[in-house]
Amino acid sequence: MKTARIQLETLTCPSCTQKIEGSLKSLDGVDMDSAKISFSSSRVNLKFDEEKVSIEEIEEAIDKMGYDVIQSRVK
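When the letters of the sequence shown are read in order and numbered with our numbering, they come out as residues 19 to 93.
Simulated from the structure, these hints should not be mistaken for lab results. The C-beta atom is built at its ideal place from N, Cα and C for all residues, glycine as well. Among the clues, some could well be false.
Each pair of labels, with its calculated beta carbon distance range [to be verified]: (1) E69 <-> P32: 27 to 37 angstroms; (2) E39 <-> K70: 10 to 20 angstroms; (3) E69 <-> C31: 30 to 40 angstroms.
Work out the full structure: start from the sequences and follow the hints.
Structure (structure tokens):
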């Protein structure tokens, strides 16, 4: 499992976090138990199985919801 920290453009409302969460749930390989989406810091922290999903696919899913990824860090 890899850990990702994804910085987003400013989230405008708390329901944004729910939309992003819904999008991430649809991706096989994202550990939703580890996912933390912070409205106040516009940040997503999660763990994912890189054999099932790539950071690029995660970023694309977030982008499709209308949120811009500024930076991603993967460990």
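Hints broken by the structure, by number, lowest first? none
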